[in-house]
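Below, each chain spelled out in residue letters.
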Amino acid sequence: MNNADYDAIVIGGGHAGIEASLALARLGYETMLITQSLDAIGRLSCNPSIGGLSKGNIVREIDALGGEMGKLIDKSMIQFRILNQRRGPAVQAPRAQADKFLYTRLAKETVENQSRLHPFQDTVVDFILDSSETKIQGVITERGRRFTAGTVVMTTGTFMEGNIFIGDWVTSSGRLGEPAAVGLGTSLRRMGFSLGRLKTGTPARVASSSIDYSKMEIQPGDDKIVPFSFAADTIVRPAVPCYITYTNERTHKIIRDNMDKSPLYGGKIVGTGPRYCPSIEDKVVRFPDRDRHQIFVEPEGLDSEEMYLNGISSSLPETVQEAFLRTIPGLEDVRVMRPGYAVEYDYLDPLQLSPSLMTKKIAGLFSAGQTNGTSGYEEAGCQGLLAGINAAMYMQGKPPLVLSRSEAYAGVLIDDLVTLGTKEPYRMFTSRAEYRLCLRQDTADIRLTQKSFDAGLQSAEAVERLNLKIEGIEEIKELLRGRRVNGKDVEEAGLRVTGLKERLGDTFEKLMKVPDFTTEDLLVIEPSLSETHRQWLDQAAIDIKYEGYIDRQQKQINRFKRMENLKIPAAFNYEGVNGISSESMEKLKEIRPLSVGQASRISGVRSSDIAVLLVLLGRGDDNA
Amino acid sequence: MKELEYNTDDSIAALATGWEESALAVIRTSGTDSIERAAAIFSNSAGMLAAEGGRIIYGFVIDPETGEKVDEVLAAVFRAPKSYTGENSVEFFCHGGLPAVATMLSALKKGGFRDAGPGEFTMRAFINGKLDLTRAEAVHEIVTAKTPRAHSLALNRLSGALEERIDGLKKRIVDMLSKVELLLDYPEDELDGQASGYPLDETELSRLCEDIECLAESFRAGRVFREGVPVALAGRTNAGKSSLFNLLLKEDRAIVSEFHGTTRDYIESWINVNGIPLRLFDTAGLRASENSVEAEGIKRSGEVIADAGIVLYLVDSAEGLNSEDETFLEDFEDKSRLIPVWSKIDRGGNSVPEGFIPVSAMTAEGLPRLEQALSDSALGKKGLDDEVIIDSIRQRDLLSRAAEAVRTVQAATAQQAPLDAVAMELKDAVDALGEITGEVSSADILNNIFLKFCVGK
Chain A
1 MNNADYDAIV IGGGHAGIEA SLALARLGYE TMLITQSLDA IGRLSCNPSI
51 GGLSKGNIVR EIDALGGEMG KLIDKSMIQF RILNQRRGPA VQAPRAQADK
101 FLYTRLAKET VENQSRLHPF QDTVVDFILD SSETKIQGVI TERGRRFTAG
151 TVVMTTGTFM EGNIFIGDWV TSSGRLGEPA AVGLGTSLRR MGFSLGRLKT
201 GTPARVASSS IDYSKMEIQP GDDKIVPFSF AADTIVRPAV PCYITYTNER
251 THKIIRDNMD KSPLYGGKIV GTGPRYCPSI EDKVVRFPDR DRHQIFVEPE
301 GLDSEEMYLN GISSSLPETV QEAFLRTIPG LEDVRVMRPG YAVEYDYLDP
351 LQLSPSLMTK KIAGLFSAGQ TNGTSGYEEA GCQGLLAGIN AAMYMQGKPP
401 LVLSRSEAYA GVLIDDLVTL GTKEPYRMFT SRAEYRLCLR QDTADIRLTQ
451 KSFDAGLQSA EAVERLNLKI EGIEEIKELL RGRRVNGKDV EEAGLRVTGL
501 KERLGDTFEK LMKVPDFTTE DLLVIEPSLS ETHRQWLDQA AIDIKYEGYI
551 DRQQKQINRF KRMENLKIPA AFNYEGVNGI SSESMEKLKE IRPLSVGQAS
601 RISGVRSSDI AVLLVLLGRG DDNA
Chain B
1 MKELEYNTDD SIAALATGWE ESALAVIRTS GTDSIERAAA IFSNSAGMLA
51 AEGGRIIYGF VIDPETGEKV DEVLAAVFRA PKSYTGENSV EFFCHGGLPA
101 VATMLSALKK GGFRDAGPGE FTMRAFINGK LDLTRAEAVH EIVTAKTPRA
151 HSLALNRLSG ALEERIDGLK KRIVDMLSKV ELLLDYPEDE LDGQASGYPL
201 DETELSRLCE DIECLAESFR AGRVFREGVP VALAGRTNAG KSSLFNLLLK
251 EDRAIVSEFH GTTRDYIESW INVNGIPLRL FDTAGLRASE NSVEAEGIKR
301 SGEVIADAGI VLYLVDSAEG LNSEDETFLE DFEDKSRLIP VWSKIDRGGN
351 SVPEGFIPVS AMTAEGLPRL EQALSDSALG KKGLDDEVII DSIRQRDLLS
401 RAAEAVRTVQ AATAQQAPLD AVAMELKDAV DALGEITGEV SSADILNNIF
451 LKFCVGK
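Residue numbers (my numbering), protein chains in the order written: chain A, 1 to 624; chain B, 1 to 457.
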């Protein structure tokens, strides 16, 4: 390893690659970032936005762990919204429209300015292994260059053996106009990895000046911006609106009449597409009763003519796309700048990864992002970050940082991938998390910052800031527990806060538990609280309001943790174990779960198999 | 996600011998604190706590709430790891009558023991390495109680009809949960009118709750055997209630009241009629009284009668029916729970009115007919042929848990409470029903969303 060209090599400069390479460099490793195009670092290939339900939580988790995504979007957003404001704090999440061009520029600058990080433009087509073919030693590029390193993180996105489809037209690409990485998939297959095909799609980009916005609904952002990054208290950014319009029966008729020209329905595409993000062809076929489908018209950037038509991704021929777009109110004279298309690509069956995201077959080879079968910038980013951290841990000979399902969406994501695998592009949903009340976006730093600091990535300032926040919230709670509604409160605020009179003598804590009672009401009664940090105040309020639910969830978590804490040694030999069914045996040998808890989540593994594991792990002796 | 509940940190109890009339029954308990818990409801507490493993102690089990003696027993104390389960354990050898066993189990439950799930002792024995690994497959049959489908028929003796009904209820909750999850996972503006307003409907929830409760209640015959049926003896003073009480008891356990209106509070006892355990209550005679103690007794009699599964209403054949009797009989709503008895027929009183069962407590004449009427009423009209029979408290409890969760959701709906909290309750209801017929995973709920709604930008 000492004679290697670099400590680490990261393949790909997308959202996973950025986080992986920055983490490695920041942890002190000479890191090479090989990308097919230095101009394409941090591109937002699909929708021009970051965050959203559960995804916004992931961005905040990335930030809490010392990643970059939150900071990048804070500096490039052009609209901010908190979604689900009325549906409960556990599922509220921030989303921002990004200026794509600014985001990419900032990402590239960050990578370039990071010491020990060396961006290089080339295409990786093969790997260098040690003589036993069990350990990574480097990569080989398209131009025949050989670079050696102690660890390699693979973040190839949609580029590995990527094919783009528009009607009959097919080309080898990962993004329209950008060539695919051909050969890498073949190499991995040769090394014995199992790869699958997935499909995703993107809609047309059209010229803003050709749109009649007067025929559309306007969708503004929130007035108040809450930064994604915990490092910033407030940020000032421009706010531009999005627009909403709808398809109609005429649109649907054109799509139906041309369905035979769709590569999806014509059988050209074999990869599985995402059900949660269907193409307009899928929507028309699967929901024939719906007479319209919604389209969000979103700006790609402040200075760009391009507008993104969110909701109607399509791989129909370009002329068909143009024809159906022109049936839509406001798009009658629309000029398409880039057509919609479908992309099909190789992904690595994530069951071949351990929870550290290192491949089980080749030591030192990590994989993250869309390569692992996920979809979404946020999903990719958190994997990249953890793969980067764990590549460093691997070089240090330390145990990996594995987040639990009960402490992060990132933990749920990776556990699902490596335990259950995926057959369609995996997107995060809040309902995938059993303990979502404890995975709120405002608590990501409390859950994760210390862990990242312990791993050597997060800064001391971040921990200091976190401790200040924890103390601040505790002080607020202390005050709310001690302060009672008095006559003066009723006199001064009784008119503005309904029902206050009936609460005379109650503690503010009790008051806060009343469903309709808001932080605003609290500030009316106790204006001095407006001097404290508003986000702390909100967090204290939610903690109090949801105390009962959070306590219950915590009990569930404690039960869950008992099984998670029963570790299965890496060298555990399943061969010759009596009593485990052969089907389960195969799965256990393939997945090699780290804990009894993880083993119990593998589909097909039965309770009796778990019981046998418990016995073999010597649980009988400790009489727990 | 299947949930494994190898909860081994609490104490469990269950009847180890068969649920049938026998001379002796064995109740097994297990758990780290089982000896302490058992000692707390045992007359010779100190003796049990001090007992070495494998020792047998004589004593009484005491009901921790009433302080009354429940049964005279022999208790075998086992200390970990030398026990069937490998944990601390106490086994009670008690009287084998079903009513006696039911009271014992109830006392243990009050003492902090949980009803053991199917195969739970074996499970613990297995975890603690007390069973040979080659028996794993056999254990599997028992412990799959948490895995989808297979367990239900093998383990819980679920009839197809019952499973269908529970699945139906579960589907209704999953549909509701899907609507809630849809709103939690997709922002309002993306749903394009597919879900407007609050996604839950109070009336629908109320109906659902009733249906779950109704199912829980319909386990009548099963519950009858498990818990017994409360039977109240009612009637005017001196109608012969206490004499009939003793007749049904087949022993002179209770002291027959020698004075009019002196049974001022009810007394109760377990009896066995055709193998069905009945809790027989002798109540204070019903009459207007100025004596406050008696009045209180009469009031409590009224409560016993209201709570009783079956009411035996006695009329002295010598006295005949008066308006008071007629009012009671007419006002009694559920006639299937009412058995009118024409008592003291040995005295040759008035002729038997229609619907009355003539009985003599002196000669036992009419007793077989009365006992038949009691068992028929206890088992309900359909008797044991009812297709939704279940004998598991666990399942009844799970249904109740589901009903309670749904009721909480109903209350939350009335207040339009935040959906993330509501979802937790609905998930709890689904999980409770899922424990009976098979788990529902978050993937199932997502599938349901994608199937029913056109979502995704």
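Do not rely on the hints blindly, as some may be mistaken.
To be verified - With a Cα cut of at most 30 Å, we get these calculated DSSO-like pairs of lysine-lysine:
#1 K501(A) to K513(A)
#2 K398(A) to K360(A)
#3 K501(A) to K398(A)
#4 K171(B) to K253(A)
#5 K452(B) to K268(A)
#6 K555(A) to K110(B)
#7 K451(A) to K75(A)
#8 K109(B) to K82(B)
#9 K109(B) to K561(A)
#10 K452(B) to K423(A)
#11 K555(A) to K171(B)
#12 K268(A) to K423(A)
#13 K501(A) to K488(A)
#14 K82(B) to K561(A)
#15 K567(A) to K135(A)
#16 K253(A) to K215(A)
#17 K423(A) to K469(A)
#18 K469(A) to K224(A)
#19 K299(B) to K335(B)
#20 K423(A) to K135(A)
#21 K250(B) to K423(A)
#22 K109(B) to K555(A)
#23 K75(A) to K469(A)
#24 K261(A) to K452(B)
#25 K561(A) to K360(A)
#26 K75(A) to K108(A)
#27 K224(A) to K510(A)
#28 K561(A) to K469(A)
#29 K469(A) to K451(A)
#30 K510(A) to K135(A)
#31 K567(A) to K82(B)
It should be emphasised that the hints constitute simulated quantities derived from the structure, not laboratory data.
These are the hints, each one checked on the structure:
1. Distance check on the hinted pair: K501(A) and K513(A) sit about 16 Å apart at the alpha-carbon level, within 30 Å; holds.
2. Between the alpha carbons of K398(A) and K360(A) the distance comes to roughly 17 Å, so the proposed pair stays at or under 30 Å and holds.
3. With a CA separation close to 59 Å, the supplied pair K501(A) and K398(A) exceeds the 30 Å bound.
4. For the proposed pair K171(B) and K253(A), the alpha carbon gap of about 35 Å is over 30 Å, so the pair is violated.
5. Restraint check for K452(B) and K268(A): the C-alpha separation of about 27 Å stays at or below 30 Å, so the hint holds.
6. Between K555(A) and K110(B) the CA atoms are separated by roughly 23 Å; this keeps the pair inside 30 Å, and the hint holds.
7. Among the hinted pairs, K451(A) with K75(A) is consistent with the structure: their alpha-carbon atoms are about 26 Å apart, no more than 30 Å.
8. Between the alpha carbons of K109(B) and K82(B) the distance comes to roughly 24 Å, so the proposed pair stays at or under 30 Å and holds.
9. A hinted pair counts as satisfied when its Cα atoms are at most 30 Å apart, and K109(B) with K561(A) qualifies at roughly 28 Å.
10. At most 30 Å may separate the alpha-carbon atoms for a hinted pair to count; K452(B) and K423(A) meet this at roughly 21 Å.
11. Distance check on the hinted pair: K555(A) and K171(B) sit about 27 Å apart at the alpha-carbon level, within 30 Å; holds.
12. Between K268(A) and K423(A) the alpha-carbon distance is near 18 Å, which keeps this suggested pair within the 30 Å criterion.
13. For the hint linking K501(A) to K488(A), the alpha-carbon distance of about 11 Å falls within 30 Å, and the restraint holds.
14. A hinted pair counts as satisfied when its Cα atoms are at most 30 Å apart, and K82(B) with K561(A) qualifies at roughly 29 Å.
15. Note on K567(A) and K135(A): the hinted pairing holds, with a Cα-Cα distance of about 25 Å set against a maximum of 30 Å.
16. About 21 Å separates the Cα atoms of K253(A) and K215(A), which keeps this hinted pair within 30 Å; it holds.
17. Annotation: proposed proximity of K423(A) to K469(A) is violated, straight-line Cα distance about 41 Å (limit 30 Å).
18. Of the pairs offered as hints, the one joining K469(A) and K224(A) holds, with about 21 Å between alpha carbons and a cut-off of 30 Å not exceeded.
19. Restraint check: the Cα-Cα separation between K299(B) and K335(B) comes to about 22 Å, which is no more than 30 Å; the hinted pair holds.
20. Distance hint between K423(A) and K135(A) is fulfilled; the C-alpha atoms sit about 28 Å from each other, no more than 30 Å.
21. For the hint pairing K250(B) with K423(A), the CA-to-CA distance comes to about 70 Å; that exceeds 30 Å, so the pair is violated.
22. A hinted pair counts as satisfied when its Cα atoms are at most 30 Å apart, and K109(B) with K555(A) qualifies at roughly 22 Å.
23. As the CA atoms of K75(A) and K469(A) are separated by approximately 23 Å, the hinted pair is consistent with the 30 Å bound.
24. Proximity of K261(A) to K452(B) is assessed by CA-CA distance (about 27 Å); at most 30 Å being required, the pair is judged to hold.
25. A C-alpha spacing of about 25 Å is found between K561(A) and K360(A), which places the hinted pair at or below 30 Å, so the restraint holds.
26. This hinted pair checks out: K75(A) and K108(A) have alpha carbons roughly 13 Å apart, not beyond 30 Å.
27. Annotation: proposed proximity of K224(A) to K510(A) holds, straight-line Cα distance about 28 Å (limit 30 Å).
28. Taken as a hint, the K561(A) and K469(A) pair is honoured in the structure, with Cα atoms around 27 Å apart against an allowance of 30 Å.
29. Using a Cα cut-off of 30 Å, the hinted pair K469(A) and K451(A) holds, with the two alpha carbons roughly 17 Å apart.
30. For the suggested pair K510(A) and K135(A), the alpha carbons sit about 59 Å apart, so the restraint of at most 30 Å is broken.
31. For a cut-off of 30 Å, the pair hint linking K567(A) to K82(B) stands: about 27 Å separates their Cα positions.
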